[in-house]
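Chemist: Take these sequences, add in the hints, and give me the full structure.
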Amino acid sequence: MSILGSGPELEAAYTGLGDVIVNPEWKVKENENDILGVENAGIHMALKKLAQQDKVRLENQDITFGSVLIEKLTEDTLTSWLPLNRGCFLLVTVFENGSEETQNKMKEKLQKSLKLLKKQTSPGAKILLKKLL
Numbered sequence: 001m002s003i004l005g006s007g008p009e010l011e012a013a014y015t016g017l018g019d020v021i022v023n024p025e026w027k028v029k030e031n032e033n034d035i036l037g038v039e040n041a042g043i044h045m046a047l048k049k050l051a052q053q054d055k056v057r058l059e060n061q062d063i064t065f066g067s068v069l070i071e072k073l074t075e076d077t078l079t080s081w082l083p084l085n086r087g088c089f090l091l092v093t094v095f096e097n098g099s100e101e102t103q104n105k106m107k108e109k110l111q112k113s114l115k116l117l118k119k120q121t122s123p124g125a126k127i128l129l130k131k132l133l
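Numbering (our numbering), first residue to last: 1 to 133.
Don't read these hints as lab results, they were simulated from the structure. All figures in this text were calculated on a predicted structure; none of them were measured in a lab. Where hints are given, some of them may not hold.
Claimed, not checked - Each computed BS3-like pair below joins lysine-lysine, with the alpha-carbon atoms no more than 27 Å apart:
hint	residue 1	residue 2
1	K130	K55
2	K49	K27
3	K48	K107
4	K130	K112
5	K72	K49
6	K72	K107
7	K126	K107
8	K29	K115
9	K131	K29
10	K112	K48
Modeler: Right, here's the structure in full:
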């Protein structure tokens, strides 16, 4: 069993976390600068680990981090994440470990932002674009 529990407890934890991380105003201090939380190396690694656990959660027919995150993504979130290599890589990890339903919802949500994504030159953006097309 996970430290986050399962069922309603896990969904509540993912929902609370999702509410925080999709906020384009959510920033953390790194050195002397404020950066988006998803761009912080430690936070990014923790979020990727949660997304990677989705494969196991799917096998156990439990709620997944990716499914909750995709529901909470807004155009504002995508506008702030897509220019960030780590923001794109988080979305890649969610896509790779998500259910077919989560992948389809992600493709749908990102349709409006494809133009912005295509302008990005980071490795994460390039990989994300390949996944979506």
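Chemist: Tell me the hint numbers this structure goes against, listed in increasing order.
Modeler: Violated hints (numbers, rising): 8, 9; every other hint is consistent with the structure.
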